[in-house]
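Protein chains in written order, with our numbering: chain B, 1 to 453; chain R, 1 to 453.
Hints should not be assumed to be uniformly reliable.
Okay, derived cross-link-like pairs now, SDA-like style, lysine to any residue, Cα gap no bigger than 20 Å in a straight line [said to hold, decoys possible]:
hint	chain 1	residue 1	chain 2	residue 2
1	B	Lys386	R	Lys196
2	B	Lys109	R	Gln126
3	R	Lys196	R	Gln126
4	B	Lys109	R	Arg17
It is worth saying that the hints were derived from the structure and are not from the lab. This structure is a prediction, so every number in the text was calculated from the model and none was measured.
Number of protein chains: 2
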Amino acid sequence: MPVTSLSGFPELLPGERIVEQSVLDSLRRTFELHGFASIETRAAEPMDQLLRKGEIDKEVYVLRRLQAEEDGDDAGLGLHFDLTVPFARYVLDNAGQLEFPFRRYQIQKVWRGERPQEGRYREFTQVDIDVVARDTLAFHHDVEIARVMGEALSALDFLPPLRFQVNNRKLIEGFYRGLGAPDAAGVMRTIDKIDKIPPAAIRTMLVEDAGLSPDQADQCVALAGIRTTDTSFVEQVRALGVEHDLLEVGLTELAQVVDGCRDLADGRVRVEADLRIARGLDYYTGTVFETRLDGWDSLGSICSGGRYDSLVTDARATYPGVGISLGLTRLLVPLLARTGLSASRSVPSAVLVALVDEPSRPSSNAVAQALRARGVAAEVAPAAQKYGRQIRVAERRGIPFVWFPPSEPGRPHEVKDIRSGEQVEADPAEWLPPELDRAPRVVAAGDEVEGDT
Amino acid sequence: MPVTSLSGFPELLPGERIVEQSVLDSLRRTFELHGFASIETRAAEPMDQLLRKGEIDKEVYVLRRLQAEEDGDDAGLGLHFDLTVPFARYVLDNAGQLEFPFRRYQIQKVWRGERPQEGRYREFTQVDIDVVARDTLAFHHDVEIARVMGEALSALDFLPPLRFQVNNRKLIEGFYRGLGAPDAAGVMRTIDKIDKIPPAAIRTMLVEDAGLSPDQADQCVALAGIRTTDTSFVEQVRALGVEHDLLEVGLTELAQVVDGCRDLADGRVRVEADLRIARGLDYYTGTVFETRLDGWDSLGSICSGGRYDSLVTDARATYPGVGISLGLTRLLVPLLARTGLSASRSVPSAVLVALVDEPSRPSSNAVAQALRARGVAAEVAPAAQKYGRQIRVAERRGIPFVWFPPSEPGRPHEVKDIRSGEQVEADPAEWLPPELDRAPRVVAAGDEVEGDT
């Protein structure tokens with residue numbers, strides 16, 4: 001990682017950026033294959049929009065024009081802290097010009113004025129997919145969102161194995177209500193802390209803060225302990241003996257998501273019903289998602305979301321949606337810093353074209369241009385130094401091939417693989433590097449992980 | 001264009017965003033073929049960095065954490081207003097880990113707290129390429145930068161013809177000095193206004209403000225009037241009878257750029273030596289670039305830059321550079337709004353897979369998945385409506401093909417081109433759409449331009 005002169009604002013070196021670009025290209029490819037359209041929203045939103053959800057007000061960066069005292073025409077703008085609130089606003093602004101159900105992906109920087117700490121950044125890239133409809137959104141889109149993000153994560157073959165954890169707010173709220181909990185939301189807020197607080201303390205909080213009896217508290221903790229990779233969670237929940245209509249709806253919905261994602265599991269991505277997942281945010285109304293990397297529990301959930309039936313509303317209509325958001329920076333920066341994840345080279349160039357001498361630069365330019373015309377990235381040596389020094393220019397950048405134009409008329413061109421030392425005659429109008437060397441590749445070396453699980 | 005609820009912060013509809021993505025993909029491809037590596041810098045820089053260049057202080061957006069009164073740990077941050085100042089800082093921060101000469105491209109949003117007006121935005125995307133070296137940067141990189149951006153613009157085949165205008169600060173400063181101008185910088189600042197102010201007024205300003213004699217002023221205006229598409233400007237300048245060593249260097253350098261770009265001119269991109277181009281920014285020391293679209297003069301220069309020999313310095317070294325910056329938003333938003341420029345469809349999907357009925361959704365999903373496995377973007381109909389209504393779903397999004405899975409076992413799959421109405425039997429494991437329909441295309445319809453030239 002480069003020198004970070006501003007804490008919480010990570011920047012990547014060129015080779016690291018190639019890894020990030022490769023990840024973004026892969027994500028985009030998956031999303032587009034599933035028909036998701038890209039949008040971007042402005043970075044700034046009115047503060048009253050940003051603060052509407054309440055929970056995050058400490059973390060917003062407020063904007064002020066340096067010389068704006070006198071006019072104040074853009075007072076009250078802040079930088080967006082996620083992509084869900086701006087997307088909701090975009091849908092309302094443009095509802096008349098969008099086709100519903102509307103599938104979109106959105107990859108942008110977001111900003112939070114947090115105190116920087118492990119895994120927390122003040123500027124970071126979020127990758128969101130959502131499907132939003134007008135009035136009603138069929139449940140199969142919950143399955144679709146899970147599948148698309150699951151597939152997108154599966155395609156990132158350098159990732160450690162990960163658990164894609166699914167739950168359903170109706171299931172847990174129905175369970176708490178069926179149990180007779182006086183404050184189902186309070187129970188949910190407490191259970192949401194179950195990863196950070198020991199079960200005994202959770203039980204005490206459920207009794208003292210959420211008004212449950214000790215038996216009820218035990219039932220809630222038991223529910224949160226259920227975790228299955230198939231639909232057997234349904235029987236385990238039923239065995240707890242709680243009944244409620246909303247619980248039944250939740251069980252059915254969750255079973256559909258787990259069933260619908262079964263063929264995704266490829267060893268790297270394990271889809272699980274995990275009944276402790278609650279998500280803090282108020283706007284979720286059904287399916288909820290979290291995602292954890294094996295061996296990287298300290299990162300928390302790197303990919304979260306859920307169903308929101310009433311987040312997006314105006315005077316005329318409601319736009320229910322379901323979505324999931326990948327915290328790309330939170331995922332990638334630790335992997336770059338602590339594993340061997342890197343790019344096979346720090347520049348796009350597959351070939352460095354050497355210079356016979358400075359006056360023949362146009363000839364070397366012509367070779368490079370012939371290569372580029374067939375999609376081979378090429379650069380010309382910066383100076384007509386001795387060939388050994390020109391080869392060093394390629395080596396330092398990881399460029400695999402050096403091209404030698406003829407030093408006198410009639411002689412052939414030659415190209416050298418500087419890794420093997422092999423040098424062969426070649427025609428600039430025909431030669432191609434091996435497919436694997438065409439573009440920089442992501443290299444996942446020895447997976448040195450935390451070992452904290 | 002969508003409803004813009006915040007003036008100066010343009011947002012694109014999904015179809016318009018597809019055009020923007022296509023442009024960005026094309027630019028990236030050209031830059032990478034030439035060995036330029038991508039970097040991104042953080043959006044926020046310390047205010048003292050941002051204000052170092054002085055000229056732009058009115059336009060900076062200052063950041064403040066909403067709840068930061070008490071700590072003030074990130075007081076003094078502002079949003080970057082261009083990508084050159086942050087790039088200079090990035091080079092200094094990471095000099096030890098970069099390979100020089102360092103070629104980079106950078107595509108990011110920038111922010112300026114300007115009063116919104118035609119062609120001015122508060123948030124917009126800049127596309128920059130630069131080459132920076134340590135201590136010395138060979139002049140051939142000036143030619144390289146011009147060629148790469150020229151090629152990148154040439155590849156955008158929906159653009160109106162454009163003039164890529166090159167000049168050289170050494171040429172004009174040497175001319176003013178050879179003429180005996182007491183304040184060469186003052187002359188340059190006045191000549192920089194020549195597009196906005198009539199020549200007679202320029203002449204008066206040169207005499208009254210820059211201290212020239214009427215004859216000297218005439219010479220300066222004559223110099224600014226020289227514009228050639230080849231190196232004949234050299235003789236035209238010499239004919240003015242002014243002599244100075246710096247003028248000679250500038251003439252040689254400018255001739256090299258014009259000569260080096262000669263084979264770029266393809267009808268759409270005309271490279272010209274234009275001796276009125278001065279660029280307001282203080283840090284340019286040699287080559288300067290501007291770019292104007294035929295018929296869109298009111299947009300001003302959409303792509304500008306130049307050579308800066310001493311912008312990037314620290315206690316140990318100087319990092320001379322040359323670069324050019326394309327104002328993508330300033331270019332694209334007016335073209336989208338005022339010409340027929342659009343995407344052939346508003347979603348990535350080439351195929352909508354119809355539903356026989358809701359229970360057969362898994363079969364339709366399997367068809368879509370088989371298509372995606374061969375790179376064909378596909379979505380499944382949102383609901384099992386009558387086929388006519390499912391076809392309408394595709395029509396409204398511009399999706400060219402609708403796929404009909406068999407309604408009973410043993411029957412074949414069929415696919416319909418909804419533009420021609422042609423419907424044929426097809427195998428989901430083999431069928432491919434025509435190449436032209438694989439991805440959304442950029443469509444440049446009737447070029448309704450301003451006609452202001």
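Checked hints:
Simply put, lysine 386 (chain B) and lysine 196 (chain R) have alpha-carbon atoms about 51 Å apart, too far for the 20 Å limit, and the pair is violated. Distance check on the hinted pair: lysine 109 (chain B) and glutamine 126 (chain R) sit about 15 Å apart at the alpha-carbon level, within 20 Å; holds. Straight-line distance between C-alpha atoms of lysine 196 (chain R) and glutamine 126 (chain R) comes to about 24 Å, which puts the hinted pair past the 20 Å bound. Restraint check for lysine 109 (chain B) and arginine 17 (chain R): the C-alpha separation of about 17 Å stays at or below 20 Å, so the hint holds.
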